[in-house]
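Peer 1: Hints given; two lone chains; assemble the complex.
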Amino acid sequence: MSTRYGMVIDLDRCTGCGACMIACAAENNVPSLPQATARTGLTPMLVRRVSNGMEGQARREVFVPILCMHCEHETPCVSVCPQQAVELDKGTGIVMQMPQRCLGCRYCMTACPYHARYFNWWDPAWPKGMEKSLNPGVAVRMRGVVEKCNLCHARLHSAEEKAAAAGKREIDPADYVPACVEACPTAAIQFGNLADKDDPVSRAANSSDAFRFLERIGTEPKVYYKSGETWVKALKESVSGVEVKRG
Amino acid sequence: MKITRRDLLVWSAGATAGLVFTPVPYKLLGDLSIWTQNFPWIPQPAHGPVDVKESSCTLCPNGCGMRVRMAAGWPVGVAGARTNPVSRGALCPLGFAAHQLNWHPLRLRTVRHRGQASSWEEARTAFSKACAEGPIVIIDGYPGRAASQHFENFVQKQHGVYRVVLGAESRALTPYEKWSGVPAAALGYDLENARTIVSFGAPLLDGWSTPGRFTRLWAERAAGMAEPQLRLIQIEPSLSRTAARAWQWLAIRSGGQAAFAAGIARVMLEEHLVRASGPMPALTLAESAQQSGISPDAIRDLARMIVAQSPAVAIADDDDPAIAALNVVLGAVGTSGGIVQRTKRAKSYLSAEPVIPSARAVLIDSTVPWDFVPQTDAEVFRFGAWEGGPNKADWLLPAPGFMEELTDIPTAPTSAVETYAVAPRLVKAPPEVQSAVQFLGQADPDLMPVDKIIHTRCENLFRARTGTLCAQQTTPVATIPSVEKLEEQLRNGAVWMGEPQHPGGVRCKLSDWPQATRSECPPCDSLASWRAPVLPPLASKLYQESSLREESDRRNA
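Residue numbers (our numbering), protein chains in the order written: chain P, 100 to 346; chain S, 13 to 569.
Next up, chain S with everything else stripped away, as it sits in the complex (with noise of 0.2 Å):
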């Protein structure tokens, strides 16, 4: 048979047309899409066993229970852990991509002199050195850890300082301490038992303390309803996330927060409405009301409120004595739904100088806000997982970053209820970072390591056979077997909450109302709140792409 081309055209043409009603071209087609969304620079996620850990975050000290997703030995996924009795499941927006943040940009990776590349056998000689010549201070962020420990030991065989910074949260409670000699430490709020929460500023609905506490608490209780269980009413210049939530907004004059709070204790105290249990301020209602732009009618309608609707109890954002002073003629401290101590143990931080003018070196941990700078002549140790920006330290030290150290977490600052858990390292640190508890440790070998510590407490926890734990069941600690039992469950992510202590251990005395000059917080001088160094980079993309977050809040991002 002879082909001719007539023919290979006719042949050509057929299976041309045959060709498509065949799966080929499709599939060609599919894989081309499929190979074009596989370029070898597109990045790919990591593949291997995925599993699930429980821990707490430590980004803050609240140390919020949170679940892991680790895949091929990295953290892909971060959630809320419900088994946590007091996030209850909620985590800050933050919180949901710290795993992304040990790769940030900013992350520190380098030791470094006075912004020259250094050596960590170079900042160990200097700081030997500078141990050798006079006493040290130590400045911790989050205190209470076996790491503070750590820390406390170490200064007490320099004979050295121990110093902490603390939180707006943690000094809000500082007034309280002073006038009734319980540490600020030992304080909380009793939020749960409360039905007024007057919040002079406090960012309560926006990561305040331990953020899912009280959300939650207020998703279940006043949220959407005319007549809330609990009433939220926030005392604020403009209108915040808070405010925008909150039961009632009163848009207050910048800065009259003070002659706010004594304008509503004098209307209690004038009106007899509570048992004279604290001072008369010195202003009267028209001066609290012109200095707060808030009318005298509304200032009165509101401290009647505030008493028909009790338990109630004020937050400040800061330690503003007025406002604690009107929690004292509220009679909210000491009671419950107001400021109760929850622990006898805890120890006080409110104490001598920021830092010693003799101090040879001062070394401040990674816990410790970046924006913090000591007022000191000494030599600066800085530790930090990722540099915030400029700072006045010697020496920049690359610390772990998240997730990335064994570390125990302490009672969160406002709780009412002691707690206590462990976070363990998920992920191996670089080689290049050290913590301050390595580099102390190696300055001193004889110090007790900070395993042995968490070792030590759960112990004592087991000893004191008091409260309970909280994992997928709750358990009684008396009911638990051994001290290994108890230590591994912690270090699974499980947390030991103590028993509710009777609210009435706290008594102020206080016989002049205080004026309305914030009190010194002795190692804090700039800080207003704790602040990240860095966010997540999901997180600035995605404030930067809503209107969620307010101009300052976004340039910060």
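Looking at chain P on its own, in the form it has when it is part of the complex (with noise of 0.2 Å):
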């Protein structure tokens, strides 16, 4: 059986605080340039502030972290990419970004429904002997190539490492959590094989309070998100449940 790694975010957990977006931003080299603003900037993670569009004591509102949706069935970013750059894992189900391949002409990014990609415009820069504190097991991306979540890949790497010394095919689950959700404080993101019908998170995916944004357009995506709340599962239908800040 082979591996679909996808994710649960349960709404009603997040709290918004952010550890999610700077530890995956930590974990994945992104620098911090002061010249990036909400419309250039890296956030291969996204935690966005959503209300009910009500005022006063009515009001409620939602934290939606938004992050490449992996999607299985007819990946749009796959599919417009001329370098091949991108690509569906069959073994894993991760899409995956390689930069090395990418020219930047951003059709991936048009093409993503979630708009879940970045473009890098600057070349990677830090406060000098910050580079120090990099993570070495992720190549610092050159300006001009696109960006986005490939679920800490490099972990997984790590994880098969671990598991090829010790003579086993299989990793050991516990070896390969993405950072963002080692990161969570409430727990509201959960990580695991979706293709399992036995793991948590398979069965949180298949839970009535589930739903898939745009699930519509039949993109099959492996991020679900999850919430008791009746506006809150109202936005599975808009773009990524939320107006859309960049471009």
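No lab work stands behind these hints, which were simulated from the structure alone. All figures in this text were calculated on a predicted structure; none of them were measured in a lab.
Which residues of chain S face chain P? A few of them, derived with a C-beta cut under 10 Å, are: (1) Ile-46; (2) Phe-51; (3) Gly-107; (4) Gly-224; (5) Met-237; (6) Trp-261; (7) Ala-551.
Chain P regions said to be covered by chain S (calculated; three or more residues, Cβ under 8 Å): (8) 139-149; (9) 280-287.
Distance condition first, Cα-Cα at most 27 Å in a straight line; then the derived DSSO-like pairs of lysine-lysine: (10) P/Lys-261 with P/Lys-189; (11) S/Lys-190 with S/Lys-356; (12) S/Lys-521 with S/Lys-190; (13) S/Lys-65 with P/Lys-231; (14) S/Lys-141 with S/Lys-404; (15) P/Lys-227 with S/Lys-440; (16) S/Lys-521 with S/Lys-359; (17) S/Lys-65 with P/Lys-227; (18) S/Lys-464 with S/Lys-359; (19) S/Lys-464 with S/Lys-497; (20) S/Lys-464 with S/Lys-169; (21) S/Lys-521 with S/Lys-356; (22) P/Lys-189 with S/Lys-39; (23) S/Lys-359 with S/Lys-190; (24) P/Lys-296 with P/Lys-189; (25) S/Lys-464 with S/Lys-356; (26) P/Lys-231 with S/Lys-440; (27) S/Lys-65 with P/Lys-261.
For each residue, glycine too, the CB sits at the ideal point set by N, CA and C.
Peer 2: Structural data, given as structure tokens:
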């Protein structure tokens, strides 16, 4: 049975602290450039604040972490990339972005219905000396390429190496946990194998409260959201549930 | 055989066409793309042996447990340590990028005297001269550490004064100290046994106290549940992130918290919902409703619900005595699920004036929030790892940054149980920085060094034979064979946790309902809560690029 890595994000548990965003950026060596704005910055994981549109005491808000949805079916970014820089890994279900192949045409950004892809506008740079704090497991990307969430693929590599060293073919699930999942203080983000019916993530994805954004377009995203509130579930018909600020 | 020009052209064309079917052009293309990713001006991560160290965060007094991934001797990643019994694997967002702080552009690296570059030698001379002329004051931000004891030892020998700047969470406990005599540093909230928490603007889900403690509790007992085991009621004028996730949010009028607390207390006492254990507020229910902007019916309903869902406790965002008095009326002081005494050994930090008038020098430790400005004419020696903006210190002294010095972590301010941890030095500090402890140690070499004080504290824990050591496994201290073994484990990230105390040790004597004015906090004259002097660059970036923080917060970022 092939693995299908996916996530279930419980929006009722998300407090919008932003720990997932910061842990993701630190893990993936995202530079903190002062010239970057909400339109031009790199945020492979972006938490958006969404309201029910009411005012006063009736107002309700929810925090929606948006990342690459790792679409399974007719993955839009894969189908438009002229460079084969995006690939759906048949073994894991992870939609991989390979910056070395990317020529920066940004077709994939246009094609992505979730606006979860980001263009690298500038050479990566850090304050003097801070390059020593970069994660050695992840290569620094040049300007002119598109970036997105790879489900912390470097951590999957490490887990595979560890399993191989122990003479095992399968990794220990505890060895492969993306940075955002590890950082979430309320365990709102669950990660696991959607193809395994006994996996808690698979069970959560099949619960009545689970939904996916823009499910009607048929791309079969592997990032599910969950909420018990009706107005939150209604967000699924919108683009990533929220008004898009970028672009 | 004669080779013609035509042969040469045919051969060239064939070779070119054939080349397409060989790996050469693709390999060259691949190499080219890799080469263009590795221009010499592109920073590259340090490579070397990777190791994971367990420690505790020192950004604030709460000391969350953390795992630090080190590569080539440098920290390259931070994650929460699940072995910490209080933070339980969670960190605040800033903690995840804290390892980058040491290279922050605003890192202090030179001694400055009134804005001009100076030297450590000159600073030492000026400090020694001031010490010789009169008493000195040392102001600390995280009391109870080995460094704090070092400061106290120094001022004792110099006939000086030791003062503490308390954070907002600690200040919220100071009214109980005044009414019960139990030091605020010995008090904590027994959140684990509460069924209702009424938060008066305290950012419980936004970094309050040890962030993992309440967020994990809320996630397990409240998040997404229609009838939660733990009800969080947020009383706040605006829809903060805590209010957004609370079971109930009451949009109160700004400044109406004390009146609202008085209204709830009045309903409880008038309707005999609680045993009369506190004074009747002077405000009528109508006045409370008018001042708070919440209807009398809503106040009544809330008071009844709080009592029905007890144990309940009210948490203030600062030292508002009206909210503390509400807890007294509610019977939440000295009871399970309320405010409990965790130790009998704590000191009181509520004492005299912030700075004595005759002081010749004021030394401010780097743990004191940057925007604290002492009201004094004495010469001010301000230690800091990062420059947080304008400040009135005469001397600006660069201190060690994150993970650059050995320190110990006493119990977090609001914890219901005693803990003790040690944060070892994981990164070598730059030669141009010095801690306040080193600075004082040079002024008086006879002072006991921090290392030795930590060892003595470990000996005390070992001799007491109580509590457990929380690491990968939980070990009772009584079974640890030697003090060296105990100290080694603590220095490797283990956390000592004391035995839970009986909650009945605090009794408040309150005859009149307190005035709505906030009590005086001796050394602190400007701060609302602990604030970082600078944010990790990644945090600044992400807060600017997301809609997570309110405008005022973004300006701070």
